[in-house]
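Visitor: One-letter residues, chain by chain:
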Amino acid sequence: MESSDIRIKQHPILDFPERRKVKFYWEGKQLEGYEGEPIASALHAAGVKVLHKSLKRGRPRGFFCAIGNCSSCLVVVDGVPNVRACTEKLRAGMRVEMQVGVGPVPRSKE
Amino acid sequence: MKPDMLMSTGVPSKQQIDGVTPPESRRKQGPFVVIECFQEIPCDPCYHSCRFGAIKPLESLNDIPQVDWDRCTGCGICVAACPGLAIFVVDEAFSDTECLIAIPYEFVPLPEKGDPVYLLDREGRRVGQGVAHRVVPGRKPQGTPVVWVRAPNELSMEARHLLPAEKASKKAGQASDKAADQASDKASAGESLTGKGGMNCVSR
Amino acid sequence: MRRTELAIIGAGPAGVCAALEAASHGVRVTLIDREEHIGGQLVKQTHKFFGWHEKSAGTRGIVISRDLADKVKDNPGICFMGSTEVLGYYGDDGVLLLEAPAGIQLLEPERLLVAAGASEKMILFPGNDLPGVYGAGAVQTLMNVRGVRPGKSVLMVGSGNIGLIVSYQLAQAGVKVAALVEALPKIGGYAVHASKIRRLGIPIYTRHTVKEAYGKNSVEGAIIWELDDNWQGIPGTEKGLDVDVMCLATGLTPLCEFLWQAGVEMAYIPELGGFVPLYDEHMETTVKGIYVAGDAACIEEASMAMAEGRLAGLAIARSLGKVPDGEFSRKREDSLRELEELRAGPTSEVIVRGLAAMRKRLEEHLSQEHSSRQAHQPGAKPDAQQGNQQRKRVSS
Ligand SMILES: Cc1cc2nc3c(=O)[nH]c(=O)nc-3n(C[C@H](O)[C@H](O)[C@H](O)COP(=O)(O)OP(=O)(O)OC[C@H]3O[C@@H](n4cnc5c(N)ncnc54)[C@H](O)[C@@H]3O)c2cc1C
Ligand code: SF4
Ligand code: SF4
Ligand code: FES
Chain R
157 MESSDIRIKQ HPILDFPERR KVKFYWEGKQ LEGYEGEPIA SALHAAGVKV LHKSLKRGRP
217 RGFFCAIGNC SSCLVVVDGV PNVRACTEKL RAGMRVEMQV GVGPVPRSKE
Chain C
82 MKPDMLMSTG VPSKQQIDGV TPPESRRKQG PFVVIECFQE IPCDPCYHSC RFGAIKPLES
142 LNDIPQVDWD RCTGCGICVA ACPGLAIFVV DEAFSDTECL IAIPYEFVPL PEKGDPVYLL
202 DREGRRVGQG VAHRVVPGRK PQGTPVVWVR APNELSMEAR HLLPAEKASK KAGQASDKAA
262 DQASDKASAG ESLTGKGGMN CVSR
Chain H
44 MRRTELAIIG AGPAGVCAAL EAASHGVRVT LIDREEHIGG QLVKQTHKFF GWHEKSAGTR
104 GIVISRDLAD KVKDNPGICF MGSTEVLGYY GDDGVLLLEA PAGIQLLEPE RLLVAAGASE
164 KMILFPGNDL PGVYGAGAVQ TLMNVRGVRP GKSVLMVGSG NIGLIVSYQL AQAGVKVAAL
224 VEALPKIGGY AVHASKIRRL GIPIYTRHTV KEAYGKNSVE GAIIWELDDN WQGIPGTEKG
284 LDVDVMCLAT GLTPLCEFLW QAGVEMAYIP ELGGFVPLYD EHMETTVKGI YVAGDAACIE
344 EASMAMAEGR LAGLAIARSL GKVPDGEFSR KREDSLRELE ELRAGPTSEV IVRGLAAMRK
404 RLEEHLSQEH SSRQAHQPGA KPDAQQGNQQ RKRVSS
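Protein chains in written order, with the numbering used here: chain R, 157 to 266; chain C, 82 to 285; chain H, 44 to 439.
No lab work stands behind these hints: they were computed from the structure.
Careful, some of the hints might be misleading.
Computed Cβ-Cβ distance ranges for the label pairs, DEER-style [said to hold, decoys possible]:
(1) R:K185 with C:C156: 27 to 35 angstroms
(2) H:G125 with C:S94: 45 to 53 angstroms
(3) R:K165 with C:A174: 21 to 29 angstroms
(4) H:E300 with R:R215: 25 to 33 angstroms
(5) H:R45 with R:R247: 26 to 34 angstroms
(6) R:R215 with H:P119: 47 to 55 angstroms
(7) R:R215 with C:S141: 49 to 57 angstroms
(8) R:E183 with C:S94: 49 to 57 angstroms
(9) H:P169 with R:K185: 28 to 36 angstroms
(10) H:D113 with C:E193: 28 to 36 angstroms
(11) C:K194 with H:E142: 52 to 60 angstroms
(12) H:E300 with R:K165: 37 to 45 angstroms
(13) H:G146 with C:L139: 24 to 32 angstroms
Per the computed footprint, the stretches of chain H lying under chain R, defined by three or more beta-carbons under 8 angstroms from a beta-carbon of chain R, are [as the list claims (entries may be wrong)]:
(14) 161–174
(15) 183–192
(16) 212–226
Calculated cross-link-like contacts (lysine to aspartate or glutamate; reagent style EDC-like; alpha-carbon spacing at most 20 angstroms) [to be verified]:
(17) C:K221 with R:D171
(18) R:K245 with H:E78
(19) C:K221 with H:E314
(20) C:K221 with H:D110
(21) H:K229 with H:E314
(22) R:K209 with H:E263
(23) H:K229 with C:E121
(24) H:K164 with H:E300
No residue lacks a Cβ here, since even glycine has one placed at the ideal position from N, Cα and C.
Model the full assembly from the supplied sequences, consistent with the hints where possible.
Guide: Structure, rendered in structure tokens:
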């Protein structure tokens with residue numbers, strides 16, 4: 157599915173008004189999403205499904221519960237690991253990376 | 082015990098449908114309601130929606146609604162009020178060849194008056210073609226739009242869902258008018274283009 | 044440390060109705076939810092609800108939740124703390140640990156109501172950890188709250204009301220539902236919901252389950268097969284489905300970690316969704332002053348969650364000495380009658396059986412406790428520490 161089709165524009169019950177678009181980075185690549193939506197929803201809309209690689213066997217993981225319960229969606233945001241992509245809000249310029257296992261030791265922000 | 086057809090397939094049996102169809106004499110007289118709600122569930126908006134007292138008072142919330150055919154005017158108010166989308170109105174006296182069927186339709190795009198539509202039966206099979214005769218749009222977000230379709234007479238008790246027909250020509254020129262887009266629009270009513278139901282099964 | 048008369052964990056229909064009822068009697072309420080919005084599950088429910096006409100039947104979940112949110116905002120007796128997660132409950136001190144946007148906070152309530160709802164059950168099959176396998180709640184959140192389609196084609200697993208309704212909602216969002224599978228020989232949810240999706244052409248396979256989901260980095264397809272009488276897959280009945288999403292609607296189980304932490308007696312009652320707290324007819328658990336309502340008490344519908352919330356709110360206000368006898372018994376009767384009638388039909392038989400089993404366990408527990416108290420020193424009931432002495436037990 158192309159990203160233009162993945163966002164719902166017409167719905168019989170709901171309205172999804174246009175919101176402010178912001179640019180962010182996924183694995184170094186620039187993508188666009190709506191400001192304030194969860195990172196996971198912006199990534200999903202951009203066609204990214206694998207967010208995390210499991211600790212032991214490196215199996216791909218995406219989100220599962222989407223409400224912060226299951227930790228299936230952990231990513232590294234601006235160098236900080238173990239951020240739940242399904243609850244963390246998207247901000248302009250965010251650098252998001254796939255987390256492998258427990259992720260890197262957190263970098264302190266300059 | 083084997084579960085009945087309704088509870089194993091989601092499709093009511095012929096006997097169940099016959100049980101909610103009025104007698105022949107009443108059918109000839111004009112529009113009547115068909116309440117396809119066969120299970121005792123805690124629910125009563127149909128009763129409250131009818132201003133003509135055609136849906137009999139429920140003794141208990143879980144009772145199955147019963148119709149007083151003499152009082153039903155076929156106005157269709159209850160069609161939009163039923164949360165189970167289980168109510169239809171059928172008018173077999175509409176013309177010699179065609180009937181009218183009121184169908185709740187919570188999908189986009191909503192057909193406009195005069196648009197051709199495909200008619201689907203209770204299993205989502207395409208059984209014929211009709212025309213949107215009257216469209217009562219619902220107010221977002223609460224309303225349920227109701228489409229009154231003109232259908233061949235013999236489909237009065239068969240057709241229970243619709244799909245906009247000939248959308249490709251109507252939508253021509255739009256940027257999103259791609260084959261894939263059409264496919265997903267069809268799928269918006271869960272139906273495959275083949276009319277065999279929305280299955281995409283390959284036996285292995 | 045902040046204090047409040049009543050802390051409620053969860054601003055779903057149960058928590059909100061409890062808050063409104065308690066506040067109407069002058070109780071000062073702190074209503075906590077980790078989401079920013081009020082309404083719990085209702086904010087994702089685009090379909091119209093069943094129940095009583097007077098109690099918002101026929102109204103869409105999203106509309107009910109807006110209504111409830113407005114009422115909470117207009118109520119000066121309720122302090123709503125959104126985007127605030129309850130991390131734990133320290134039973135001995137009677138203190139809640141909260142993570143609010145402003146940071147970690149402690150809250151000491153005189154009464155606690157757990158209305159945290161439920162969590163989804165997982166099922167086992169090869170590939171169930173692949174991206175593209177989502178819980179039904181996640182699919183709903185993504186499409187109905189965020190406006191993002193979960194994929195192109197979905198296999199729905201489970202024919203309870205949630206599986207049926209989410210299938211319908213997927214179709215409304217323009218997503219194809221390739222099939223719905225159900226392991227039991229019978230559809231679990233309401234017939235009207237099942238008929239609704241059959242008309243759309245969505246096939247329902249009862250006595251079928253998932254054999255596996257496959258794909259390299261995410262779901263590329265799934266294989267389903269038929270089950271025999273011993274719940275074993277029948278070789279040769281496999282069907283391949285071209286799907287990129289699998290949506291699991293295989294049941295819910297009460298979220299009651301805080302009740303465990305508080306030392307509430309729990310029991311495994313499958314009819315009610317798994318481990319549930321023991322509670323009396325006023326929704327009070329075995330620890331005085333701690334109440335439960337909604338899906339956290341037993342997996343049911345929003346109509347029941349609301350009625351239970353009102354009942355709990357009333358009982359709590361009463362236990363704080365804020366409701367006169369006459370009003371209490373009248374309102375109490377109303378709520379109990381409402382619950383009884385909601386559960387009168389065949390679709391609630393399982394719940395009624397489960398509730399009876401739960402009450403039996405409660406009685407056993409109370410009589411055990413009673414006899415052990417008589418045998419040892421009177422008054423040294425372990426639950427009754429933590430400043431509970433001033434907490435009067437609601438007459439029951
Ligand atoms: C797809 C679907 C369809 C449904 N259809 C119907 C229907 O047609 N009719 C009907 O009557 N019912 C329906 N229901 C059921 C209904 O939604 C639930 O029974 C009802 O929402 C339960 O209410 P609740 O208040 O107990 O829990 P919830 O609505 O789940 O609310 C619980 C709240 O607690 C919060 N929470 C949990 N843990 C914490 C924590 N640690 N800290 C802070 N907050 C926390 C959550 O964020 C949530 O907002 C449906 C449910 C689903 C999923
Ligand atoms: S069609 Fe009109 S008159 Fe007939 S039952 Fe429905 S609301 Fe009543
Ligand atoms: S409103 Fe619809 S679902 Fe409810 S009882 Fe009436 S017919 Fe059945
Ligand atoms: S998907 Fe479960 S925590 Fe993010």
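Visitor: Each of the hints needs a verdict: does it hold here or not?
Guide: Hints versus structure:
Between K185 (chain R) and C156 (chain C) the beta carbons are some 58 angstroms apart, a value that contradicts the proposed interval 27 to 35 angstroms. Separation of G125 (chain H) from S94 (chain C) is about 49 angstroms and conforms to the stated range, judged on CB atoms against 45 to 53 angstroms. For K165 (chain R) and A174 (chain C), the Cβ-Cβ distance of about 41 angstroms falls outside the hinted range of 21 to 29 angstroms, so the restraint is violated. For the pair E300 (chain H) and R215 (chain R), the beta carbons lie near 27 angstroms from each other, so the given range of 25 to 33 angstroms is met.
The hinted range of 26 to 34 angstroms is satisfied by R45 (chain H) and R247 (chain R), whose Cβ atoms lie roughly 30 angstroms apart. Distance hint check for R215 (chain R) and P119 (chain H): the Cβ-Cβ separation is about 51 angstroms, which falls inside the suggested range of 47 to 55 angstroms. Range check, R215 (chain R) to S141 (chain C): about 52 angstroms between beta-carbon atoms, so the 49 to 57 angstroms window is met. Hint check: E183 (chain R) to S94 (chain C), Cβ distance near 55 angstroms, so the stated range 49 to 57 angstroms holds.
Separated by about 31 angstroms at the C-beta atoms, P169 (chain H) and K185 (chain R) satisfy the suggested range of 28 to 36 angstroms. For the pair D113 (chain H) and E193 (chain C), the beta carbons lie near 35 angstroms from each other, so the given range of 28 to 36 angstroms is met. Restraint check, K194 (chain C) to E142 (chain H): a C-beta distance of roughly 55 angstroms satisfies the suggested window 52 to 60 angstroms. Checked against the given bound of 37 to 45 angstroms, the beta carbons of E300 (chain H) and K165 (chain R), roughly 40 angstroms apart, stay inside it.
Checked against the hint of 24 to 32 angstroms, the pair G146 (chain H) and L139 (chain C) fails, with Cβ atoms roughly 53 angstroms apart. Counting residues of the region 161–174 of chain H whose CB lies closer than 8 angstroms to any CB of chain R gives 5, which reaches the minimum of 3, so the coverage claim holds. Under the rule that three or more residues need a Cβ within less than 8 angstroms of chain R, the assignment of the region 183–192 of chain H holds, with 8 such residues. With 3 residues having a beta carbon nearer than 8 angstroms to a beta carbon of chain R, the region 212–226 of chain H meets the requirement of three or more and the stated coverage holds.
The suggested pairing of K221 (chain C) with D171 (chain R) holds, with an alpha-carbon distance near 9 angstroms, which does not exceed 20 angstroms. About 12 angstroms separates the Cα atoms of K245 (chain R) and E78 (chain H), which keeps this hinted pair within 20 angstroms; it holds. A hinted pair counts as satisfied when its Cα atoms are at most 20 angstroms apart, and K221 (chain C) with E314 (chain H) does not qualify at roughly 37 angstroms. Restraint check for K221 (chain C) and D110 (chain H): the C-alpha separation of about 15 angstroms stays at or below 20 angstroms, so the hint holds.
For the given pair, K229 (chain H) sits about 17 angstroms from E314 (chain H) by alpha-carbon distance, which is consistent with the 20 angstroms threshold. Annotation: proposed proximity of K209 (chain R) to E263 (chain H) holds, straight-line Cα distance about 18 angstroms (limit 20 angstroms). Annotation: proposed proximity of K229 (chain H) to E121 (chain C) holds, straight-line Cα distance about 16 angstroms (limit 20 angstroms). Restraint check: the Cα-Cα separation between K164 (chain H) and E300 (chain H) comes to about 15 angstroms, which is no more than 20 angstroms; the hinted pair holds.
In summary, the numbered hints that this structure violates are 1, 3, 13 and 19.
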